[in-house]
Amino acid sequence: MTLRERGDRIARVGAVVTAAALLGLVGVYVRALVYTPVEAAQGAAQKIFYVHVPSAWACLMAFVVTGLLSILYLWLKDRRIDLAAAASAEVGLAFATIMLTTGPIWGKPIWGTWWTWDARLTSTLFLFLLFVGYIVLRGVLTDPGVRGRFSAVIGIMALFLVPFIHLTVYLFRTLHPAPIILKPSRPSLPGDMLATLLLSVGVFTVLYLGFVMLRYALGLLREAREEELADAS
Amino acid sequence: MGPTLRAAWHIALKDVAIEWRTKTAFASGLVFAVLVLAVLFFSRDPTTVSSTDIAPGALWVTFTFAAMLGLNRAFLIEREQRALDGILLTPTPPVAIFWGKFAANLAFVGTIEAISLPLFVLFYDVPIWVRFGELVLVIAMATIAFVAVGTLLSAMAVRTRYAELMLPLLLLPFLVPPLVGGVQLTARLLEGRPLSDLSGWLKLIAGFDVAFVTLAALLFQVVLDE
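Chains as they are written, first to last, in the working numbering: chain A, 553 to 785; chain B, 850 to 1075.
So here's chain A without its partners, still in its complex pose:
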């Protein structure tokens, strides 16, 4: 199978997955706004939770996937792994942007402030900045081999850095709501809300997969095009 055929096929599958995820997203919105009870203390503002938390989840997943693919790339030296890592980073940046914009919108009415230097806010802000650095670095490198290796180095270093930043700010001080789902005891979220959240997390995961497939296919097709141009000249 040529690079172009492979790219075309992944693009088709990616389009179907993305379309399914977007339909699911409509379902999440309807369920969150119409069928999930309004939170007593926070009122309607809490609804943003169903977008904010799943975006944070997708962003963190993108970050870990990029880091792991970076390790894999340095090991196997397969260009496609590099393209997949880059696709995951770009999609991660998009989700990080959603997370960092929905957070303050909720924070202003509930905390009374747009931003606070809390452990999770700070580490996700740096996650965002690391994604930006990763993508900018790829943009200024022209040789594909060097680009792959250098961005893999950043991907791996970032994987180790973010826990350290989290710990740093944790030692500094923290304000973000404590975990309510992933904690030793039972989740303290009412059943209806938990179901909506889990549905949304699932949909965002599929959305992430769809986007990454589309972006990866684009990378493959670009490579195919460059090869064709090189052959033609």
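Treat the hints loosely; a few may be bogus.
[As the list claims (entries may be wrong)] Computed Cβ-Cβ distance ranges for the label pairs, DEER-style:
#: 1; chain 1: B; residue 1: 928; chain 2: A; residue 2: 754; range: 45 to 51 Å
#: 2; chain 1: B; residue 1: 872; chain 2: A; residue 2: 687; range: 37 to 43 Å
#: 3; chain 1: A; residue 1: 585; chain 2: B; residue 2: 928; range: 54 to 60 Å
#: 4; chain 1: A; residue 1: 656; chain 2: B; residue 2: 1051; range: 31 to 37 Å
#: 5; chain 1: B; residue 1: 853; chain 2: A; residue 2: 656; range: 47 to 53 Å
#: 6; chain 1: A; residue 1: 574; chain 2: B; residue 2: 943; range: 46 to 52 Å
#: 7; chain 1: A; residue 1: 747; chain 2: B; residue 2: 1042; range: 46 to 52 Å
[Stated by the list, open to error] Some residues of chain A that are not near chain B, with every Cβ distance over 10 Å (derived):
#: 8; residue: 584
#: 9; residue: 587
#: 10; residue: 593
#: 11; residue: 605
By construction, these hints were calculated from the structure, which means they are not laboratory data.
In this text, a Cβ means the ideal position worked out from N, Cα and C, and glycines have one as well.
Knowing the structure of chain A, use the given hints to seat chain B on it.
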């Protein structure tokens, strides 16, 4: 002394010799440190915030910027006339290049810090002598972190078209844990707080040092690979 260590030693000596002859980076680094210390002194309302309150932050921001200036230069000198390619043609193991560069950068940044510290006392009038030994330890630990990550990232940044822009963009996120730790520890030391107040931050920087010196030494080979 093993061959790797000897090669590293020669690379470090070469860098120190270049710097010793020109003194350009050193002089500009030092003047830069004085300027940052002076500018930060005025970055407050003197009627509400005393200079001792911002002193730890000023010291560490100065160290960070001065270190970045030196690190930027570390591989620029290797780019001129493709000097690095010359080293790579010799049977020098890449890890020796890393340790050599690391040692030379450490010497450079350490010297700038050693000279800025008395100026810091002079400008900000802080009692650093009370816990001087511990303060030096904290500065050494954070500097190792700065230089380890900086050596690796500087080798990468220099290969891009915008080296002077790329290094801060890539490096600054990695300086957050040692920088914040350095500020917190310095503030506590200047106030004469007990050792138990310091242990959390000391462990954080020590952990960071171990993790990132190892990572940088391992990944440096990947960066040099042709």
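Outcome of the hint check:
The hinted range of 45 to 51 Å is satisfied by residue 928(B) and residue 754(A), whose Cβ atoms lie roughly 49 Å apart. One distance hint, 37 to 43 Å for the beta-carbon pair residue 872(B) and residue 687(A), holds here, with the actual separation near 38 Å. Checked against the hint of 54 to 60 Å, the C-beta distance between residue 585(A) and residue 928(B) comes to roughly 57 Å, which is consistent with it. The hint said 31 to 37 Å for the Cβ distance between residue 656(A) and residue 1051(B), and at roughly 34 Å that hint holds.
A beta carbon spacing of about 51 Å between residue 853(B) and residue 656(A) agrees with the range 47 to 53 Å that was offered as a hint. Between residue 574(A) and residue 943(B) the Cβ separation comes to about 47 Å, which falls inside the hinted range of 46 to 52 Å. Under the hint 46 to 52 Å, the C-beta atoms of residue 747(A) and residue 1042(B), about 49 Å apart, fit the expected range. Listed as outside the interface, residue 584(A) is consistent with that label: its C-beta sits roughly 34 Å from the nearest C-beta of chain B, beyond the 10 Å cut-off.
Distance check for residue 587(A) against chain B: the nearest CB is about 41 Å away, which clears 10 Å, and the non-interface claim stands. Chain B leaves residue 593(A) outside its interface by the beta-carbon criterion, the shortest separation being 33 Å against a cut-off of 10 Å. No beta-carbon of chain B is positioned within 10 Å of the beta-carbon of residue 605(A); the least distance is around 24 Å.
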